[in-house]
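**Q** Residue strings, one per chain:
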Amino acid sequence: MFSLEHITNEVQNWLSSNFSSGWVLVWECLIVIVLTTGLFAVLGLVLVLMERKVAAQIQIRLGPNRVGPRGMLQTVADTLKLVMKEGLTPDLADKFLFNLAPFLVMMVAMLLLAPIAFARGFQLWDINIGVLYISAVSSLSVIGILMAGWASNNKYSLLGAMRSGAQIVSYELSAGMAVLSIVVLSGSLQITEIIQSQQNGWWLFKGHIPAVIAFVVFIIAVTAETNRAPFDLAEAESELTAGFHTEYSGMKFALFFLAEYINIFIVCAIGATLFLGGWMPLHIGSWGGFNHLMDYIPSSIWFLGKTFLLIFLIMWFRWTFPRLRVDQLLALEWKYLLPISMLNLLLVTLIAILGWHF
Amino acid sequence: MYTETAIISDNTLAGPEGELVINVGPQHPATHGVLHLVITLQGETVKKIEPHLGYIHRSIEKMCESLSYRQFIYVTSRMDYLSSHINNLGCAICVEKSMQIEVPQRAKVIRVLMSELTRIASHELWLGAMAMDLGAFTPFFYAFREREMINEIMEDSCGARLTMNYMVPGGVMYDIHPQFREKTKAFVKQFKQKVVEYDDLVTNNIIFQNRMKGVGILSKEDAISFGCTGPVARGSGLSCDTRKIFPYEVYADVDFDEVLETGCDSFARYMVRVREMHQSIRIIEQLIDNIPEGDFQAKTKAVLKPPKGEFYQRVETARGEFGVYIVSEGGTTPYRIKFRSPGFSNLSALDHMARGSKIGDLMATMGTLDLVIPDIDR
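Residue numbers (our numbering), protein chains in the order written: chain G, 1 to 358; chain P, 1001 to 1378.
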């Protein structure tokens, strides 16, 4: 009906009937580039506005409400301001690395969008090792952050970057373990197959308590991996002014800022895909009528709904908790989360082998 | 092109043995003003802290020497701007003491009420600012919701929200606003309801407790030797509440407890301030319905000329003991005025408290000292 799969098929058919196969690829590439860039801009605008509105509601205030209807255009105005600001490069900075870093961070965020299934049949690249690809590429962002911290020639930036390096590398382990437990349950690394395996129920519900533990560990680990409060030590403003992006201004700062929000979207999308069934509607056992009703809701709505629910959760964390200290942060990972997730993975494997999951 | 100043070169060169010297301030989100800390770091660990002052020195003590005994009180509002009522009160009492002015009972009660409201407002701001130092933004807005009510009460009676200039030698400048009682009662009610939210959001938060407990240790002996006063010393179990030891105005007649905690750490100092707010509410509740009728200001001469001599008065501000020392030559202006500000002594303990801790804990410890820089650097 209105499914995105329908539209993509139409486009595919129209292109292949009018052009030779080589040109079809070129046109599809172009469409994908335009769509991805558009998605980036829209996501950035929506998420920044959402963050500000969520923060305002939590902090008993109104939030942006002057630019445009109900403050909808506030982020557009903010972006305009950032575009017009001078992109300053400090005198003693390593100019090449300093200017490269924000693009690297942004590029990682862009690459991560590729294997995400936004709706039924609406996916850029259904790679057969999708989960592995995500884990591999997401580790690259730490290089950009370390580069920014080092090249700025600022001690605050350096401290922030070093903290960030320790943090991202550590928390990647438990995030990987949590992801692995779903891979064990579904028996595939491919995103579409993981989603298909949740047709009769999401892994969060099907995998008993170990899946819930994996989900909680995953949420904590990705909050840390995206440098969000309470794990925002890399940019702890009361300690390091702005951490690794202290020296950045204008559009270069905006790229870091945008990459942070895109990363939040991506990790939440991955969380929704692995644990909450991606674009799969909510199905409950043998409730035929209920399940049929749920099928009427478009798959893209399901996917975005679940993703934004998780994003809201992560924003809620930020505006509630104080920041951890650096040694507490590492102790949390190495002393608690990693042993728990290792044990949990064993349990999940046991469940998968014995077929105890629903 | 910039030529490298001493500070910039200090900032770009590593110290001996891989030590890192960073300048926190004079403009930094955690210093709440223009405090400049030169911190020597080894990795994340703080090796040495050197506070540098002087960025907001306005020579207030010297200025006071050329102002009359009525005028100099207003300048003291600009010192500890968060408890300006209490600063003014200390000066007013000192002048009254020298002139032997009898203050009407009504004025005394109003002064105490205003002082306690100021103390709550100051502690509310501190609560929000300290939570911000720890990276939590939301408590700031919750604390300011109640502080705003106090500011409105002040605005009604004093005509100002921050530098009130309400205490004058002989009493208070104006009578209280007709709505003062009603609004104060509304505030007390609101505070008692909403204080639960602070506990949920801050006090009982597991991350907050882990950040505060066992951090920034200041033993009782050290508190005495550094001359710490106020909540900082009371968090180390040192009984030093001027309101109890040397009662002034009507503090001897009201029923309240001196808050003491024996934890000696940041959490103890936090708890002292939170519990002090409850004690202030207790004082307000006792006095708000018992404001006696009568004059709000004693009849005094237009020009005050204290006799030759030295006069000292101490009061308990939100940050600790504030002392006013006046040397009079019998003229219309003081010969010399010296203020004892609580923040200066409390800041001097920072190096001792935070040495060896992580840089994040340094900010948390500094937050619990509740520093107001214009008070330290007059």
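A couple of the hints might just be wrong.
[Unchecked claim] Only pairs whose alpha carbons sit at most 25 Å apart, straight line, appear in this in silico DSS-like list of lysine-lysine: (1) Lys155/G <-> Lys1358/P; (2) Lys1194/P <-> Lys53/G; (3) Lys1358/P <-> Lys1048/P; (4) Lys1244/P <-> Lys335/G; (5) Lys1097/P <-> Lys1301/P; (6) Lys53/G <-> Lys81/G; (7) Lys1305/P <-> Lys1338/P; (8) Lys155/G <-> Lys1192/P; (9) Lys1213/P <-> Lys1048/P; (10) Lys1358/P <-> Lys1097/P; (11) Lys95/G <-> Lys85/G; (12) Lys1244/P <-> Lys1338/P; (13) Lys335/G <-> Lys1194/P; (14) Lys1213/P <-> Lys1244/P; (15) Lys155/G <-> Lys1097/P; (16) Lys1358/P <-> Lys1047/P; (17) Lys95/G <-> Lys81/G; (18) Lys1308/P <-> Lys1062/P.
In short, the hints are calculated from the structure, not lab data.
**Q** Hint by hint, note whether the structure agrees.
**A** So, going through the hints one by one against the coordinates:
1. Lys155/G <-> Lys1358/P: holds (16 Å)
2. Lys1194/P <-> Lys53/G: holds (23 Å)
3. Lys1358/P <-> Lys1048/P: holds (12 Å)
4. Lys1244/P <-> Lys335/G: At roughly 48 Å apart (the allowed maximum being 25 Å), lysine 335/G and lysine 1244/P break the hint.
5. Lys1097/P <-> Lys1301/P: holds (15 Å)
6. Lys53/G <-> Lys81/G: holds (20 Å)
7. Lys1305/P <-> Lys1338/P: holds (18 Å)
8. Lys155/G <-> Lys1192/P: Violated: lysine 155/G and lysine 1192/P sit about 45 Å apart, past 25 Å.
9. Lys1213/P <-> Lys1048/P: holds (22 Å)
10. Lys1358/P <-> Lys1097/P: violated (48 Å)
11. Lys95/G <-> Lys85/G: holds (18 Å)
12. Lys1244/P <-> Lys1338/P: Satisfied, since the Cα-Cα distance of roughly 23 Å is no more than 25 Å.
13. Lys335/G <-> Lys1194/P: Roughly 37 Å separates the two Cα atoms, so the pair is violated.
14. Lys1213/P <-> Lys1244/P: violated (28 Å)
15. Lys155/G <-> Lys1097/P: violated (53 Å)
16. Lys1358/P <-> Lys1047/P: holds (9 Å)
17. Lys95/G <-> Lys81/G: Judged against 25 Å, a Cα distance of about 24 Å means the pair holds.
18. Lys1308/P <-> Lys1062/P: Holds, at roughly 19 Å.
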